[in-house]
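K.L.:
Kindly produce the complete structure, drawing on both the sequences and the hints.
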Amino acid sequence: MNRRRFIATTAAGLGVLGLPGGRVLGATAKPSDRKLITVFAQGGWDPTRVFATVFEHSDVDMEPDAALSTAGNIPFVDHPDRPSVGSFFHANHGRMLVANGVMVRSIAHEICTMIAMTGDTSGLLPDWPAIIAAGSSEELTLPHLVVGGPSFAGDLGASVARAGQAGQLEGLLSGEILQTSDLSVYPQSRAAQGIIDRYISRRASARAAAALTGADATLADAFSESTQRSLGLKDYRYIMDFTSSPDLRAQAEVAVDALQTGLSRCVTVGHFGNWDTHANNDDDQAPLWEDLFQGLGTLMALLDETPGAQKPTLADETVVLVLSEMGRTPQLNGTLGKDHWPFTSMMLLGPGITPDRVIGGFDAGYMGKTIQHSDGELSPKGQILSAEAIGATVLQLMGVDPTPHVSGATAIEGILL
Amino acid sequence: MVITLLLLACGGDKTDTETTGAAATTDPVALLARASLDLRGVRPTEGEISRVEADPEAYAALVEEYMSDDRFETQVISLYGEVFLTPSESFRVPVTDYAELQYKDRPEYHRSIGEEPLRILGHIAATDLPYTDLVTGDWTMSNDMLRTIWPVESTAGSSGWQPSVYTDGRPAAGALSTNGLWWRFSSTSANMNRKRANQVSRIFLCHDYLTRPIDFDRDVNLLDEEAVTDAVNNDPGCVACHVSLDPIASYLYGFWYIDDQSSADASSYHPERELGWQITSGVAPGYYGDSGGNLTALGHHLAGDPRFAECAVEHAFTRLMRRDATLEDSDVLTIHREAFLGGGLTLRSLFSSIVHHPRYRPVQSATELTVPGQVSRKMVTAEQLSTQVADLTGFTWTSDGYDMLRTDDNGVGNLAGRADGFRMSRHTTAPNTTLVLVQERLAQAAAMYAGQTEYEQAKSKRKLFTQIDLDAPVAQDHDAAVAQIQALHLRVLSHRVAPDGPEVEANLALWEELYAAEENPALAWVGVLTALLRDPDFLLY
Numbered sequence: 000m001n002r003r004r005f006i007a008t009t010a011a012g013l014g015v016l017g018l019p020g021g022r023v024l025g026a027t028a029k030p031s032d033r034k035l036i037t038v039f040a041q042g043g044w045d046p047t048r049v050f051a052t053v054f055e056h057s058d059v060d061m062e063p064d065a066a067l068s069t070a071g072n073i074p075f076v077d078h079p080d081r082p083s084v085g086s087f088f089h090a091n092h093g094r095m096l097v098a099n100g101v102m103v104r105s106i107a108h109e110i111c112t113m114i115a116m117t118g119d120t121s122g123l124l125p126d127w128p129a130i131i132a133a134g135s136s137e138e139l140t141l142p143h144l145v146v147g148g149p150s151f152a153g154d155l156g157a158s159v160a161r162a163g164q165a166g167q168l169e170g171l172l173s174g175e176i177l178q179t180s181d182l183s184v185y186p187q188s189r190a191a192q193g194i195i196d197r198y199i200s201r202r203a204s205a206r207a208a209a210a211l212t213g214a215d216a217t218l219a220d221a222f223s224e225s226t227q228r229s230l231g232l233k234d235y236r237y238i239m240d241f242t243s244s245p246d247l248r249a250q251a252e253v254a255v256d257a258l259q260t261g262l263s264r265c266v267t268v269g270h271f272g273n274w275d276t277h278a279n280n281d282d283d284q285a286p287l288w289e290d291l292f293q294g295l296g297t298l299m300a301l302l303d304e305t306p307g308a309q310k311p312t313l314a315d316e317t318v319v320l321v322l323s324e325m326g327r328t329p330q331l332n333g334t335l336g337k338d339h340w341p342f343t344s345m346m347l348l349g350p351g352i353t354p355d356r357v358i359g360g361f362d363a364g365y366m367g368k369t370i371q372h373s374d375g376e377l378s379p380k381g382q383i384l385s386a387e388a389i390g391a392t393v394l395q396l397m398g399v400d401p402t403p404h405v406s407g408a409t410a411i412e413g414i415l416l
Numbered sequence: 000m001v002i003t004l005l006l007l008a009c010g011g012d013k014t015d016t017e018t019t020g021a022a023a024t025t026d027p028v029a030l031l032a033r034a035s036l037d038l039r040g041v042r043p044t045e046g047e048i049s050r051v052e053a054d055p056e057a058y059a060a061l062v063e064e065y066m067s068d069d070r071f072e073t074q075v076i077s078l079y080g081e082v083f084l085t086p087s088e089s090f091r092v093p094v095t096d097y098a099e100l101q102y103k104d105r106p107e108y109h110r111s112i113g114e115e116p117l118r119i120l121g122h123i124a125a126t127d128l129p130y131t132d133l134v135t136g137d138w139t140m141s142n143d144m145l146r147t148i149w150p151v152e153s154t155a156g157s158s159g160w161q162p163s164v165y166t167d168g169r170p171a172a173g174a175l176s177t178n179g180l181w182w183r184f185s186s187t188s189a190n191m192n193r194k195r196a197n198q199v200s201r202i203f204l205c206h207d208y209l210t211r212p213i214d215f216d217r218d219v220n221l222l223d224e225e226a227v228t229d230a231v232n233n234d235p236g237c238v239a240c241h242v243s244l245d246p247i248a249s250y251l252y253g254f255w256y257i258d259d260q261s262s263a264d265a266s267s268y269h270p271e272r273e274l275g276w277q278i279t280s281g282v283a284p285g286y287y288g289d290s291g292g293n294l295t296a297l298g299h300h301l302a303g304d305p306r307f308a309e310c311a312v313e314h315a316f317t318r319l320m321r322r323d324a325t326l327e328d329s330d331v332l333t334i335h336r337e338a339f340l341g342g343g344l345t346l347r348s349l350f351s352s353i354v355h356h357p358r359y360r361p362v363q364s365a366t367e368l369t370v371p372g373q374v375s376r377k378m379v380t381a382e383q384l385s386t387q388v389a390d391l392t393g394f395t396w397t398s399d400g401y402d403m404l405r406t407d408d409n410g411v412g413n414l415a416g417r418a419d420g421f422r423m424s425r426h427t428t429a430p431n432t433t434l435v436l437v438q439e440r441l442a443q444a445a446a447m448y449a450g451q452t453e454y455e456q457a458k459s460k461r462k463l464f465t466q467i468d469l470d471a472p473v474a475q476d477h478d479a480a481v482a483q484i485q486a487l488h489l490r491v492l493s494h495r496v497a498p499d500g501p502e503v504e505a506n507l508a509l510w511e512e513l514y515a516a517e518e519n520p521a522l523a524w525v526g527v528l529t530a531l532l533r534d535p536d537f538l539l540y
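Chains as they are written, first to last, in numbering that gives the first Met the number 0: chain A, 0 to 416; chain B, 0 to 540.
Treat each hint with caution, since some may be false.
Have a look at the derived ranges for each label pair, beta carbon to beta carbon [unchecked claim]: (1) B:Ser261 <-> A:Tyr237: 41 to 51 Å; (2) A:Gln371 <-> B:Pro235: 22 to 32 Å; (3) A:Ser188 <-> B:Ser261: 45 to 55 Å.
Among the chain B residues that face chain A by a calculated CB cut under 7 Å, a handful are [unchecked claim]: (4) Thr187; (5) Arg201; (6) Arg376; (7) Ser398; (8) Ala444; (9) Met447; (10) Glu512.
I should point out that these hints are in silico values taken from the structure, not numbers from a laboratory.
Every residue, glycine too, gets a C-beta built ideally from N, C-alpha and C.
P.N.:
Structure (structure tokens):
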């Protein structure tokens with residue numbers, strides 16, 4: 000039994016397993032009590048493999064052997080090589096929403112990533128999870144844990160910590176990371192480390208208390224806060240394992256542990272694979288989608304079987320945002336790849352959203368269709384479905400007023416319950 | 000850009016007042032520590048501190064000495080890693096594609112490639128060459144690794160980093176001619192070197208096209224190649240960027256790789272591909288309306304562009320102040336630019352102007368006069384954390400040859416706030432949880448390493464534990480212990496503390512607590528050193 004299994008006490012959510020029509024949510028949590036897991040597929044996925052069912056558009060190269068399928072009210076692209084996609088849609092359509100034709104305004108990885116995560120191109124503003132985490136009503140040891148994927152902490156760095164893809168955070172917490180040092184050193188005793196930890200904790204607090212105004216105060220406060228959080232994290236190491244890997248299933252375990260133990264309100268995980276398929280798009284994207292949805296299936300199953308803090312399961316309290324920074328061109332290029340495209344798809348699961356639904360869409364030119372924010376329905380006179388609007392919606396879904404954080408876009412009220 | 004435009008328009012009257020007002024109140028030791036960390040990556044020595052304590056005007060001479068120090072070159076390389084973003088563990092050509100190399104050579108392979116363009120800048124800084132050599136020089140820098148894998152040979156010494164030349168006939172354009180830059184920033188057939196052209200603009204002109212809002216004209220059929228080409232050339236929304244970006248991109252086709260994972264293809268420049276633009280974008284090479292020429296011409300165009308020098312000033316200001324320039328900084332940017340131009344475009348003249356300006360000075364007490372824009376405190380970078388620890392203790396944290404604070408796949412660079420251009424685009428400027436954990440583990444290892452090393456040495460040979468017998472309890476020679484703590488504060492934190500001050504009292508208490516737990520005087524001293532290396536003022540300076 001690993002530490003995750005040890006702390007996951009009962010499979011409280013198993014009662015809903017196997018229900019026809021897919022799993023549905025139990026009583027939903029208040030926005031301010033909701034948690035967020037962001038799943039980021041870095042590199043730019045091709046929505047025509049799953050979300051964009053644009054078979055009728057002759058200018059879009061769909062995959063051979065792909066077929067239109069439907070789970071509840073959600074159409075999707077099914078393919079015999081990707082059974083996990085259909086399984087996931089059938090199991091989860093009752094609590095998911097797909098947004099198609101989301102505009103990310105750019106075709107550069109870095110800029111699209113910033114826009115998708117922050118709504119801004121500077122890289123200096125905090126991303127949606129960091130804002131939500133920092134606004135937590137509870138005192139959390141680590142409000143936003145980044146297990147994988149991108150992270151923009153902005154000025155909220157003290158609330159955000161990366162785990163590292165090779166178990167670096169776990170190694171730092173245990174001290175075992177020094178065992179691989181090329182210069183061999185004796186480890187300090189636990190007793191000595193504890194004494195020095197307490198000394199530093201007092202020293203950091205005193206330094207913050209004596210700080211001047213301006214940057215000195217900001218930095219000293221951040222140091223003190225980070226020191227207290229780092230000490231708290233060491234305690235968490237005994238009840239959860241921060242060791243992860245590029246594998247989404249392993250990251251999902253860390254994410255669920257972090258939420259269940261009350262360590263964090265937000266966790267970001269990443270799906271690592273060569274999504275940037277400028278060549279061999281069909282061959283290379285197919286296994287990535289299969290692997291992604293296997294990982295998402297694991298994540299949702301873990302959320303279902305893990306008791307929530309206030310609701311029967313963690314799934315009842317947790318919003319899952321699944322995205323990639325951009326889409327891919329509708330047509331194959333000379334090397335059978337697809338290049339960068341400024342319209343993509345995103346997916347939301349969990350409490351607070353109108354489930355079993357698709358909003359937006361792709362037009363004949365494979366650009367995003369416009370929608371009305373009031374009801375989320377397509378409208379020629381509506382607004383383009385932007386990544387900023389998705390961000391504003393997620394903030395509002397989590398009880399955070401998006402107004403000061405998102406410029407030029409508002410939440411899509413029509414998809415919120 | 001607005002800042003750049005305002006450079007010429009704003010005067011510097013306020014600065015004279017600032018100079019007079021702040022100079023009288025600045026703590027010379029804090030200022031010296033800041034300059035030493037920024038220019039050498041290490042803390043000032045006790046002797047240097049004594050010099051500015053005796054005469055604050057000695058600061059100017061010490062700054063000159065710092066910029067003549069060998070470490071100035073490596074510090075420039077470190078500072079500008081955030082600009083070039085070339086240090087990476089993700090180059091497309093695998094190390095094992097070179098018959099001469101093995102998998103174990105990866106750390107040196109990655110480090111060497113990523114540092115190539117930065118080493119050019121470092122050499123320019125260290126030898127007072129004009130900054131324009133960065134894009135016009137007919138030389139590069141290579142080390143043993145690069146001379147093994149690429150067509151490059153040294154023009155100076157035979158080992159280590161040396162001025163060198165490529166032997167494959169590539170046009171001379173400083174960093175623009177380096178494999179290191181273009182291996183880091185690749186392109187695709189659809190991208191047509193535009194990504195690379197934007198890096199030229201971002202790095203050398205401080206203009207990042209990607210920060211411009213993009214408004215896709217929904218009337219343009221993006222699926223129609225001809226319609227897209229027409230839009231790029233005629234649609235105002237597209238033309239605004241592409242009219243200047245695409246011609247720059249067309250200079251770079253000599254670095255077009257048919258197989259960017261092949262050492263055979265990617266090691267050499269390809270003059271036969273220079274006209275590749277004719278079959279891709281169809282846009283001839285040009286620089287803001289001035290067409291023609293090759294990569295060498297691009298370098299000269301850049302060097303002659305007023306924005307090039309202004310961008311150099313902005314980069315240096317941002318690195319040394321650890322904050323972005325704002326409109327309120329327009330007056331000082333003008334001053335620094337004039338110093339840069341007047342100093343023959345040497346980085347030394349530019350850095351000197353910045354570190355002598357009142358806005359650069361730290362604030363040590365609430366009673367000090369401050370000036371607008373002054374950075375009262377800033378935080379070290381991950382690399383400065385590493386270099387100051389190494390200088391103090393001799394401990395460099397590497398694992399399998401990888402520098403842990405400069406790498407991310409297995410290292411802790413990102414966790415310590417280091418930008419890599421992939422996961423993070425800017426260095427972290429404030430402490431966070433993982434940085435504090437990195438500091439903790441680095442401090443433990445470094446203090447233990449120093450303890451182990453100096454335990455075997457005579458007191459006179461030591462760098463840190465210079466006042467005490469490491470085997471003796473404090474009670475055996477209390478005065479020596481007090482002197483030792485004072486010396487550690489001065490060396491590690493650049494603070495001179497009183498023998499009866501609260502710092503000494505707190506550290507003696509810490510020593511006693513550690514000694515009570517382990518009954519080992521040397522380990523208790525290692526613990527005290529660990530605590531100082533974990534101090535907030537070891538990060539904040």
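K.L.:
Check each numbered hint from earlier against the structure, then list the numbers of those it violates in ascending order.
P.N.:
Result: hint 5 breaks, nothing else.
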